[in-house]
Amino acid sequence: MTIQFKPDETFRDEFSYSNSDAAVLRFPFPFPEDAYMYSVNIEPHVRGGPSPAFDNPFDVDEHYVAECRERAKVLEQDPSRCKVLPHMMAAEWDTLELIMESFATSYPEHFTLTRDGTSWTWENRPLGIRDSFTFGDASTLPLPPFEYITRQAQGDFTLQDQREDNLFVDGGMVTTQADWSLDFDVGMTFHQWHGPVPLAHQKGVFDRALKFLLRLQYGAPVRRLNWTMTVNPRLDTSPENYPQWGPDRLTLTPENIGRKLHLRVELQSLFRLPRSNAILFGIRCYLCSIEDLARVGVWGKRLHRVLRDLHPEIADYKGTTRYRDMAVAYLAPFDDGAELPAGTAPRQSTLAPRS
Amino acid sequence: MLVSDIKSRPVYERLGVDASGRRHLVVSDAPRPLAEVIDGADSAAAPLGYWVVAATSAVDAQPQAEPATGNAVPLERRAFRAVPHLLDRLSHRLAQETVGFRLYAVGEEGFVWNVAKLAREAGLEAAECRTAHAGSLRRRVFCVHCKTITEDVTTSLAACDGCGAHLVVRDHFSRHLAAFMGVQADAEAPGELPPVEELFP
Numbered sequence: 001m002t003i004q005f006k007p008d009e010t011f012r013d014e015f016s017y018s019n020s021d022a023a024v025l026r027f028p029f030p031f032p033e034d035a036y037m038y039s040v041n042i043e044p045h046v047r048g049g050p051s052p053a054f055d056n057p058f059d060v061d062e063h064y065v066a067e068c069r070e071r072a073k074v075l076e077q078d079p080s081r082c083k084v085l086p087h088m089m090a091a092e093w094d095t096l097e098l099i100m101e102s103f104a105t106s107y108p109e110h111f112t113l114t115r116d117g118t119s120w121t122w123e124n125r126p127l128g129i130r131d132s133f134t135f136g137d138a139s140t141l142p143l144p145p146f147e148y149i150t151r152q153a154q155g156d157f158t159l160q161d162q163r164e165d166n167l168f169v170d171g172g173m174v175t176t177q178a179d180w181s182l183d184f185d186v187g188m189t190f191h192q193w194h195g196p197v198p199l200a201h202q203k204g205v206f207d208r209a210l211k212f213l214l215r216l217q218y219g220a221p222v223r224r225l226n227w228t229m230t231v232n233p234r235l236d237t238s239p240e241n242y243p244q245w246g247p248d249r250l251t252l253t254p255e256n257i258g259r260k261l262h263l264r265v266e267l268q269s270l271f272r273l274p275r276s277n278a279i280l281f282g283i284r285c286y287l288c289s290i291e292d293l294a295r296v297g298v299w300g301k302r303l304h305r306v307l308r309d310l311h312p313e314i315a316d317y318k319g320t321t322r323y324r325d326m327a328v329a330y331l332a333p334f335d336d337g338a339e340l341p342a343g344t345a346p347r348q349s350t351l352a353p354r355s
Numbered sequence: 001m002l003v004s005d006i007k008s009r010p011v012y013e014r015l016g017v018d019a020s021g022r023r024h025l026v027v028s029d030a031p032r033p034l035a036e037v038i039d040g041a042d043s044a045a046a047p048l049g050y051w052v053v054a055a056t057s058a059v060d061a062q063p064q065a066e067p068a069t070g071n072a073v074p075l076e077r078r079a080f081r082a083v084p085h086l087l088d089r090l091s092h093r094l095a096q097e098t099v100g101f102r103l104y105a106v107g108e109e110g111f112v113w114n115v116a117k118l119a120r121e122a123g124l125e126a127a128e129c130r131t132a133h134a135g136s137l138r139r140r141v142f143c144v145h146c147k148t149i150t151e152d153v154t155t156s157l158a159a160c161d162g163c164g165a166h167l168v169v170r171d172h173f174s175r176h177l178a179a180f181m182g183v184q185a186d187a188e189a190p191g192e193l194p195p196v197e198e199l200f201p
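Going line by line, the protein sequences match chains A and V.
Using the working numbering, the first residue of the first sequence is number 1, and each one after it goes up by one.
Using the working numbering, the first residue of the second sequence is number 1, and each one after it goes up by one.
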C-alpha cells in the first residue's frame, strides 16, 4: 500500500502539521486503564495489537518526509544532536542494516535494498536517495552509517553499549525528544540517564527494566509506550531549545486548547544488535491534538480520567502543571462517566467531523 | 527539584586502599593529611603516591620520597601549583601506567570528575579510579542551551557565563562533563524567577 506523504507540513513556525482521520485512528493510544502509574510495561515487539503502528519493526506513516526534513533543520542548527562514541562503529553498521532491511521488507513500494556481498545499493524513493556503498567501509557513505540511516527514519534512536552488567548510552540521534539532552547524557549508565524521572526509581522500575534488557535476545525485540503532552505539534522539545518552546505553554486558552494541546506518545522499541551486542533503542514520537483524540469516544473519556487523576509529581515532571486543569475542563464534557473496557483500541472505524 | 534524590548525582563513600592494586596514587585538590582522605595508606602492600594542590607557585612538583619505617611501602609526595598543573602531570603518568594501577581522587566535584575523565580516557576501568568529595559543595554547571560551563556556583540560580540565561541548577550530573545541568529558569515566562538560595556552600 502506498502511503500518501504530506511533505510540506511543519513542526515549527506556523505548525501546519495535522493528522488525517486514518492517522488519528491508528494513533498508539497509551492508556489501557483509567489511571496511569509508571510500570515496566514491556511486551514483545511483534506484529499485531490494537494499532497498525505496531505492525512493523519501524513504523512509517504519512508524516515521514516532513519529519525527515524537520530532523535536517535541527541538525543544521545543532549537529551535536547526533553523537556516537568512537567504540560504537560496529553498532552503527548494525543499525544501518536493521533499518534498511526492515524498511525494504515492510514498505517495498518506497524502499529497496540490493545486497551483493558487501556491495549494497539503497534506494529511498520518498526522499529521492539512491546510494551504492561498501557495507563496513564508512568512507563509501556520505555520512557516518548511524547518522546516514537515522536521518532517513522517523523518531529518535540511541545506542546502548553493554558492559559491566550495565547499559551505557554511548550514542544517539535525538532531535524529537521530550526534554532530555543526548549531549549531556551521552556516556551515562542506565540509572544515571533516567536520574530525573520521579517515583519510578523508588518503585524499582529501573532495576527490573535493566535486568530485563541485559538479557534481551537478538531477533526478539520488545516495545513499550511512554507519553507526555506538548503544546503545538512541535517535535523538537529539547532542553537545548527550551527558551524557544517554553513560552508556548502560556499561549493556551479554553478556546484553543483542543487544537493546540497534543498528546505525545513515544513508541519505544529495543533491538539487540548482532555484531556489536549493543541495543538499539527507538523512540518514535506520535502527536495528536486532544480535539482529535476526543473524536474517538473511548479515548476522550479515558484521557479525561487519566489527566484528572494524575499523580501530582508525574504531572509536574511531564510539564503539565500550568495547563492541566484547563485540559481536564476541556475534556470533561466528552466523559459521561460510563465504565470503559480495558485496552486501547479505538472501537470505531470512522470519526465524527471536527466540531 | 534543586536538591533531590535524582540518581545521577554521585554518592560518595570514604576512600580505602584497594588491596588488589600494585601501585596506588591519591590526588587531592588541597593539602590534606593523607590519613584524613583514605583508609589503609599506612598498611598498603604496594607503593603509594600522594599528590596535592598547594595553590602556590613556591612548589615545584618534585617527588619527595618519605623513608619507609618497618614493613611499610615507600610513600612519595608531590605538591602542585594549581589544579591544571596536577592534571597535566597526571595525564603523563596515566599514559605510562599499566595493569594494577589504582587512582583515588578527593576534592570538589569538578576536580574529582575531571580526574575520573582523564582516567577513563587513559583506559582505566570504573573500579580502578575511585572518587570522594571533600571541601566546598559548589558546582560546575553546564548550560544546556549554549554549552558553556560556569564554575563555582553556590546558589540555586546562576547567570550563565556564556549566554547570560538565569540557570536553575538541576540535580542531574554528567560524569563526562564533570558538571551539573543548568536550564533556563524563566524560559516559560521571561522574568518570572524564583528566589535565589545559597544551596552549595
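These aren't lab readings, by the way, just hints derived from the structure by calculation.
One or more of the hints may lead you astray.
What the hints assert, rightly or not - The calculated lysine to aspartate or glutamate pairs, modelled on EDC-like cross-linking and capped at a C-alpha distance of 20 Å, are:
(1) A/K260 with V/E188
(2) V/K147 with V/D186
(3) V/K147 with A/E76
(4) A/K260 with A/D179
(5) V/K147 with A/E164
(6) A/K318 with V/D171
(7) A/K318 with V/D186
(8) A/K211 with A/E76
(9) A/K318 with A/E339
(10) A/K73 with A/E164
(11) A/K318 with V/E188
(12) A/K260 with A/E14
(13) V/K117 with A/D21
(14) A/K73 with A/D21
(15) V/K147 with A/D21
(16) V/K117 with A/E164
As the list claims (entries may be wrong) - Anything over 12 Å on all C-beta distances counts as not near chain A; from chain V, calculated:
(17) R23
(18) E36
(19) T56
(20) V59
(21) A79
(22) L137
(23) E198
(24) P201
Claimed, not checked - Short, incomplete list of chain A residues facing chain V, as computed with Cβ under 8 Å:
(25) F184
(26) G195
(27) L250
The model shown is predicted, which means the values in this text are computed figures rather than measured ones.
For glycine and all other residues, C-beta sits at the position ideal for the given N, C-alpha and C.
Consistency of the hints with the structure:
no., hint, in the structure
1, A/K260 with V/E188, "holds (16 Å)"
2, V/K147 with V/D186, "holds (18 Å)"
3, V/K147 with A/E76, "holds (17 Å)"
4, A/K260 with A/D179, "holds (18 Å)"
5, V/K147 with A/E164, "violated (30 Å)"
6, A/K318 with V/D171, "holds (17 Å)"
7, A/K318 with V/D186, "holds (17 Å)"
8, A/K211 with A/E76, "violated (38 Å)"
9, A/K318 with A/E339, "violated (27 Å)"
10, A/K73 with A/E164, "violated (37 Å)"
11, A/K318 with V/E188, "holds (14 Å)"
12, A/K260 with A/E14, "holds (12 Å)"
13, V/K117 with A/D21, "violated (52 Å)"
14, A/K73 with A/D21, "violated (28 Å)"
15, V/K147 with A/D21, "violated (42 Å)"
16, V/K117 with A/E164, "holds (17 Å)"
17, R23, "holds (23 Å)"
18, E36, "holds (29 Å)"
19, T56, "holds (35 Å)"
20, V59, "holds (34 Å)"
21, A79, "holds (32 Å)"
22, L137, "holds (18 Å)"
23, E198, "holds (23 Å)"
24, P201, "holds (23 Å)"
25, F184, "holds (5 Å)"
26, G195, "holds (3 Å)"
27, L250, "holds (6 Å)"
Hint check: violations occur at hints 5, 8, 9, 10, 13, 14 and 15; the rest are consistent with the structure.
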